Amino acid sequence: MDPKRYQQIKRVLMDALEQPQAKRDEWLAQACPDDPELQAEVIQLLAAQTDASFLEHSPTGLDAALSEDEQDAAGQRLGRIRLDRLLARGGMGEVYAATDELLQRPVAVKLMKAALRMSALRRSAFLAEAQVLSGLRHRNICQVYDFFEDQAQDVLVLELIEGQTLRALLQQGGVEQPIEIAMQVAEALAAAHERGIAHRDLKPENVMLTAAGQVKVLDFGLARAEQIPATADPAKPDGDTLGTQIAGTPGYLAPEQARGEPATTASDLWSFGLLLIELLTGKRAFPHSASSEELIARAQRGEASVPGGLPRAETQLLRRLLSADAANRPSAREAREALASIAQRGRRRLRMALVASALLLLTAAGMKYTFDLRQERELALAAQADAEKAQAEAEDLAGFMLGELYTELKKVGKLPLLEPVALKAVDYYGDLRSEAIGGGRGEQALALIRVAEVLDMQGHLKEAISAYQRALEGLQPLAAAKADDPLIQYRLALAERNLGEVLRYAGDYSGSDPHGLRAIELARELTAGLAPGEGPEGEPSAEERWSLLLRAIYLYADSQFRQGRALQALELLDEAKALAIPAVAKIPGLRPHLGDIQYKRCMAYYDSQNPAKVVEACQASFDLDMALAQANPDDAKLQDNRLTAYWMLGRALELGGDLPAALETTRKGTALARLAVERDPGSAETQNGLAVTLVSEGRILRGMGRMAEAQQAFEQVLQITEPLIAAGRDHAIIHNHLIALVMLGRVEEARPYVREVYDSGWRRPEFMQLIDEFDLLPGVERSGKVR
Amino acid sequence: MADESTGNVTLLLNRWQSGEREALDQLLPTVYAELKRLAQAQLRRDGGATIQPTELVAEAYLKLIDVDQVDFEGRAHFFSIAARTMRRVLVERYRRREAAKRGSGETLLTLNSAIDSGERKPLELTRLDDALTDLEALDPRQAEIVTLKFFGGLDGEEIAAALSISTRTVKREWAMAKLWLGRAMAS
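So the protein sequences, as listed, match chains A and B. Using the working numbering, the first residue of the first sequence is number -12, and each one after it goes up by one. Using the working numbering, the first residue of the second sequence is number 8, and each one after it goes up by one.
In short, the hints are calculated from the structure, not lab data. Be careful, since some hints might not be right.
[What the hints assert, rightly or not] What follows is a list of derived Cβ distance ranges for each label pair: (1) 8/A - 140/B: 29 to 35 Å; (2) 702/A - 148/B: 46 to 52 Å; (3) 327/A - 182/B: 58 to 64 Å; (4) 173/B - 733/A: 40 to 46 Å.
[Unchecked claim] Quick partial rundown of chain A residues pointing at chain B, CB under 8 Å, derived from the structure: (5) -12; (6) -3; (7) -1.
Here the structure is a predicted model, which means the values were calculated and not measured. From the three backbone atoms N, C-alpha and C, an ideal C-beta is built for every residue, glycine too.
Kindly produce the complete structure, drawing on both the sequences and the hints.
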């Protein structure tokens, strides 16, 4: 634009402004009929008129901006406190890093400006709270050490915290573990609330995260000390102020606070809800641009909407937190519990995916197993009530679990309903001596194994591990005493194998391996001298024995594989394959084991970068998986295996050098994965399945030089993995996430994930190659050794 | 001393008014220093309560100028200098503060800042400054009107006198400048 044109616009615009608003368009149409561009420009400018206050007030940042030149008080002494350096300055006063010279400890000191000092009444209330707070030591609350008056200013001595505020982190692009952070905030609130202290001004600015990931809530009860005026009529921003004063921050006020009623502990839960929305979505519940009048008006009406697209449990919790009626909000402790179960779900989801998709197929196919859900719930609730009645009845309960309930529920994939029972049972077994657990032929221990399976599936990994350990403690002396009782040996092997599996799942490979080896050893004894698929009469059955052995070898091989020992894994898998093929001929029920073994062989050949063998192994695995899926249309796991079959065959072909065939195969897998996600969008496992095949697609495309398409694929991967990582961590998901980041050139973002996965002991060659190629872990080379 | 500097500033102002451009170069630093000093004094006095640039400019005027020696037009000229200076002071501070906010990343304790944070969304001074600079190239007079009104706190009549135009013109130019800047800053 040049000044001449500006003058043209100016002439028309100024005249337009003199016209009555209603007639402007009409006037404009005849003012410059032959210059539509000019007309459009003027119309656009007229529309720019929005905020009536724009430029009408002097710059507001003036005082804060100029005050920076003010002398700060660093170097001064306040009694035994020496002010070291100014940390922050704001509307309310200044914060210094300081030293308590008597106790020789670093502290933070908040000096409150004289102009904002509290009235005598609020002051006494604040003092009373400061007293309670200073007595309250909680790891998630910024400790109040002291509060005193010095030369007409109020001095608050606090714990010095090194870290960043949630606001800063959110602005930098969000937080990694929102649920974990929210849980710690809820713990802080619970601790304070239980002593009758409300925060009154909870918001991301008042929550800090230390480098170690610890949450510290700041400024408890301080909001009492300051007030903001509220205008009565949101339509009149400069109207009369309301008779009452409101303490807090407009964007986070609970409805009752906004109405000028005193804030209660329940008000904090409202603010906590808004904070949780920000943690989960990275966005403020209310737009930042809203004026305080608007925010207060909204809060007064109890308006806060839960954003869409969040999982059900989160949505339900948020709805409760954001109840307009304070009485309907949960307590901080309840909120914490709800978050704890959400946190576990992240882990549980993966394992539950199998059960969930089985269930889905069940309902979708309208099969004869149309269990009445309510009836089951009642069953489980009744069982829970039983358990609560008396621990003495727990033995019956164990029998109940072992028997009908477990079998029936497992059949329809409703084991989660046993969760409360399992937790009760663990309490019971926790009090039981090992001898009692190891009584008889290990019935109690077997019940405990069942309990642990339920716990494991429900994501209570710690509890599951300890339940398996208890079972082992009971079974070991029993098995030693009755080394010739195969049923006891079998149960012991089961406990070892499962414990190994849970530990492996939890990423503790070194903890897992001894149990895995012991399970293989026991299973070999149970099948010693038997032809594959054959077994003696009685318990355990031939199928149980061979299933135990094949699964034990498979799991141990998988652990080796994950630790980068593809060749050892292959050796074990070849042995297992040789056993499985004849065994399957006799016991068709063992076929899925063979499928797993073939699949893992394919992966191991892939990891050992053996192009000669990999295509053959993967093709064999592929063929078997397809046949199994076709023969068992109702088995969700076998159906899902097709996806990985496509994917691995694609990778094998890629390694073998046939990129076009690799791409075609992988894309079939992607299509299948998309279907699975559509069917069950809530499942982390199906989501990750899609991410896996997209990573493959991206890599193949990259190899073919089709960079734009590759980039698209990796971007899709991130869209999937980002929320999954936020919900809970699994190395497979993190692995996909970091590959996509690296491939998109976002190497710096990938580094912390690389470190995490590497530190867990994950050594797949593909991963190590990536580290090498992009120098992701300085000091570590492909062999995994430190340079 | 005070009299000497007062006389000096008045003299400079009069010389500038009568066409000596160099006089302005000497005038500006004095006005700048005085505005800064006054602002800080006012902040200390009020314990951080709000201060108005308008008041500051008025106070600087009384401090720096021998009122008897300067006519109404001269006063308006002083204000227009002060307003431009004020714009510079404010935008510089704002830039520095924003830079400090983003960069440091070190320990940061929040002050309970409900009082500032709840207010009307703060105007982004740097963006306004940029938009104003663009406007200067298109229509210097409009830009000057905005500076005088927003940063100097002058009213319509004072602006009219300072720029030797009618108050009606001030009003019309102001109305357009607001629309133009509003759109520029929204984009």
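Taking the hints in turn, this is what the structure says about them:
no., hint, in the structure
1, 8/A - 140/B: 29 to 35 Å, "31 Å, holds"
2, 702/A - 148/B: 46 to 52 Å, "50 Å, holds"
3, 327/A - 182/B: 58 to 64 Å, "59 Å, holds"
4, 173/B - 733/A: 40 to 46 Å, "59 Å, violated"
5, -12, "6 Å, holds"
6, -3, "6 Å, holds"
7, -1, "10 Å, violated"
In terms of the numbered hints stated before, the structure departs from hints 4, 7, listed from lowest to highest.
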